[in-house]
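A.B. asks: Produce the entire structure from the sequences given, and follow the hints as far as they go.
Here the protein sequences line up with chains B and P, keeping their order.
One gets the working numbering by counting positions in the first sequence from 1 and adding 246 to each.
One gets the working numbering by counting positions in the second sequence from 1 and adding 246 to each.
Be aware that one or more of the hints could be misleading.
It does not matter which identical chain is used: a pair holds within one copy or between any two.
Said to hold, decoys possible - In the BS3-like style, the derived pairs of lysine-lysine whose C-alpha atoms are separated by at most 25 Å in a straight line are: (1) LYS269 with LYS469; (2) LYS271 with LYS442; (3) LYS382 with LYS461; (4) LYS417 with LYS442; (5) LYS442 with LYS269; (6) LYS355 with LYS461; (7) LYS469 with LYS417.
If you are wondering where the hints come from, they were derived from the structure by calculation, not from laboratory data.
There are 2 protein chains.
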Amino acid sequence: MARDTITAGMVVIGDEILSGRTKDKNIGYVAEYLTQLGIELKEVRVVSDDEPMIVEAVNTLRARYTYVFTSGGIGPTHDDITADAVAAAFGTVAEHDPRAVALLQARYKPEELTEARLRMARLPRGATLVDNPISKAPGFRIDNVIVMAGVPSIMQAMLDAVTPELKTGVKMLSTSLDAGGLPEGVYGTPLAAIAKAHPGTSIGSYPSFTGTGFKNQIVVRSKDEDRMMAAADAVRAMLTELTNTDKNPL
Amino acid sequence: MARDTITAGMVVIGDEILSGRTKDKNIGYVAEYLTQLGIELKEVRVVSDDEPMIVEAVNTLRARYTYVFTSGGIGPTHDDITADAVAAAFGTVAEHDPRAVALLQARYKPEELTEARLRMARLPRGATLVDNPISKAPGFRIDNVIVMAGVPSIMQAMLDAVTPELKTGVKMLSTSLDAGGLPEGVYGTPLAAIAKAHPGTSIGSYPSFTGTGFKNQIVVRSKDEDRMMAAADAVRAMLTELTNTDKNPL
Chain B
247 MARDTITAGM VVIGDEILSG RTKDKNIGYV AEYLTQLGIE LKEVRVVSDD
297 EPMIVEAVNT LRARYTYVFT SGGIGPTHDD ITADAVAAAF GTVAEHDPRA
347 VALLQARYKP EELTEARLRM ARLPRGATLV DNPISKAPGF RIDNVIVMAG
397 VPSIMQAMLD AVTPELKTGV KMLSTSLDAG GLPEGVYGTP LAAIAKAHPG
447 TSIGSYPSFT GTGFKNQIVV RSKDEDRMMA AADAVRAMLT ELTNTDKNPL
Chain P
247 MARDTITAGM VVIGDEILSG RTKDKNIGYV AEYLTQLGIE LKEVRVVSDD
297 EPMIVEAVNT LRARYTYVFT SGGIGPTHDD ITADAVAAAF GTVAEHDPRA
347 VALLQARYKP EELTEARLRM ARLPRGATLV DNPISKAPGF RIDNVIVMAG
397 VPSIMQAMLD AVTPELKTGV KMLSTSLDAG GLPEGVYGTP LAAIAKAHPG
447 TSIGSYPSFT GTGFKNQIVV RSKDEDRMMA AADAVRAMLT ELTNTDKNPL
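C.D. replies: Structure (structure tokens):
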């Protein structure tokens, strides 16, 4: 029996991504990770450290998808405003959470537990903690929104920590076919016909430029293995036929 | 005289980015490129090959920012629907553009100019062409929306091609200070005070995890060099004081 489709949105928070100073590494990681889990990432937004922008993105995506994952803006400095912004998105406030404070007290000596570090224990009222095995300051979850760090290694650990409590759907299967030297412009029309003739599959063609020409991959995706294989067979037959035609031009 | 602020949004189009199959390289490139030009990238959305999603993203961002740059979905295959979607966003249709057809006719022999390849000459009515020196099939511009390829080398060439016709603003200047071994939790509170005392600047603190600890950089940004230098001096003095305190703990 097909289970419900489980979907996700992602909000990447940080001026440094939009200025180009930091190159995001979290979108690709989360995309691949969720696909493996059978959760479909449907939309990503990158926004600055600006409360109204964060609120808009979180509120739009949490209404639209099963889960929203955010990365960035939960550190100890003044530009880390994600906890306050997510609280505002839920119409509540961020305040020191006793469990989060305890985690920081276990890590830092009393004289090291600065006001700045205590900022990292401020969570929206009603949030639960997401474990951070690396630097202790936790991420958090409120309703369907999961708030993670921006530093990739910490974000990845938080994603692992929250995974057991996620609903997962039927995993999207995929198979990749090398188009050999055939250009998209040669197989585009027959490929469209194959895509149309195979409902329940999604067929994409992905060129990469080698410097002298294109190298193309055709990817067939489906939640149903039989449908995927049937479409892939049709693509393979079409590629073989075109390759032979190409070798023996009229 | 300060010119107007020039802003941009970006829409990255493609199922392959959201499935994690392809790791986006265009966001970081466009972000850094626009920053150099004095155009502020304010928001990025990654959406699937789905017309309503593309229309929503393009229409929201084109109303909000000076320019919208899109990448992806302008090739010859059935999953390349950006031209139709952008046309729909403007309430018009995509049709074969004689100038774009001529470019393809110059590149391909008549028997090579397949229906699929001719798809790449379909532009929204009213669009102008953006040169593609690499594979000829053009990008396009309609009003403030600039539509580019997803393949990074081609997108970069199209960005170069469209640059001469862009309005640019006052360039954001930035200077980066190494926080030495000081943790964010130690300088977070004084840094917030410096940020508050220096209007017209934006101060960010960016940790990266080395595997054993954090290495932090503080970045001061401003459109005014004097303000930037004054804030950077204050940050430097604060870091020196904290480092000395750290060396001589009470």
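A.B. asks: Any hints from earlier that this structure breaks? Give me their numbers in increasing order, please.
C.D. replies: 2, 5
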